[in-house]
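Chains R and H, in that order, are what the protein sequence lines are.
This note's numbering numbers the first residue of the first sequence as 1 and each following residue consecutively.
This note's numbering numbers the first residue of the second sequence as 1001 and each following residue consecutively.
Be careful, since some hints might not be right.
[To be verified] Among chain H residues calculated to face chain R with C-beta under 7 Å, some are:
hint	residue
1	R1042
2	G1043
3	P1044
4	G1060
5	F1103
6	T1105
[Said to hold, decoys possible] One-sided and incomplete, this derived list gives chain H residues near chain R with beta-carbon spacing under 8 Å:
hint	residue
7	K1001
8	S1046
9	G1104
10	G1106
[Claimed, not checked] Cross-link-like lysine-lysine pairs, in silico, BS3-like; alpha carbons within 30 Å at most:
hint	chain 1	residue 1	chain 2	residue 2
11	R	K65	H	K1100
12	H	K1017	H	K1057
13	H	K1100	R	K7
Read the hints as simulated data drawn from the structure, not as lab findings.
Here a beta-carbon is modelled for each residue, glycine too, at the ideal position from N, C-alpha and C.
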Amino acid sequence: SAVISQKPSRDICQRGTSLTIQCQVDSQVTMMFWYRQQPGQSLTLIATANQGSEATYESGFVIDKFPISRPNLTFSTLTVSNMSPEDSSIYLCSVVLGKDNYGYTFGSGTRLTVV
Amino acid sequence: KNQVEQSPQSLIILEGKNCTLQCNYTVSPFSNLRWYKQDTGRGPVSLTIMTFSENTKSNGRYTATLDADTKQSSLHITASQLSDSASYICVVSASGGYQKVTFGTGTKLQVIP
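Bound-form chain R, shown alone (with noise of 0.2 Å):
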């Protein structure tokens, strides 16, 4: 399995500014996917992180909004941009390893809270 470290774990900030969080993977993978967790709710996927290449963003998500880059197969960031107490959530990096769905392994997650 594929061990994710993601940061910052948690931070505080001020509406209308910007967060970068980023994700490190120990190995390559072909696959990482950034999620959104609105206070108890479940995952949403925002966006699927293409290396070298956009983003694909899902339905509600925009790349103004939440622009991700992949420079590489093992790194991968994604900034909230502009940001309101709606964006308060745990964001949540993942990686899929194997086909199928196998393996599927979630990064410890950025709890933002935007006052």
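On the provided structure of chain R, position chain H as indicated by the hints.
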């Protein structure tokens, strides 16, 4: 529409007791089902993974069952400990693509002394 429903939504049990969490799904075509444990404010950690051909899998005090015919799964926790207090999430994957993953809303378990 693919859906995963979990019950109960929340549960309080005494330390040392057993409990069973339920997961019903309508995901098709089915690939695999996973149970995760998520501590408050942390990322989910995988407990078990089961494919269509597997009907039970254990991980220490955690035992998951799968009935692919009725599309039901359960997670049984034996001799609960205070550290078992967490949310337990059932996640079902469909064949055909990495993104075809459906999350349940979880069962919040609290183990009290």
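Problem - Structure-inconsistent hints, enumerated in ascending order - result: 4, 7
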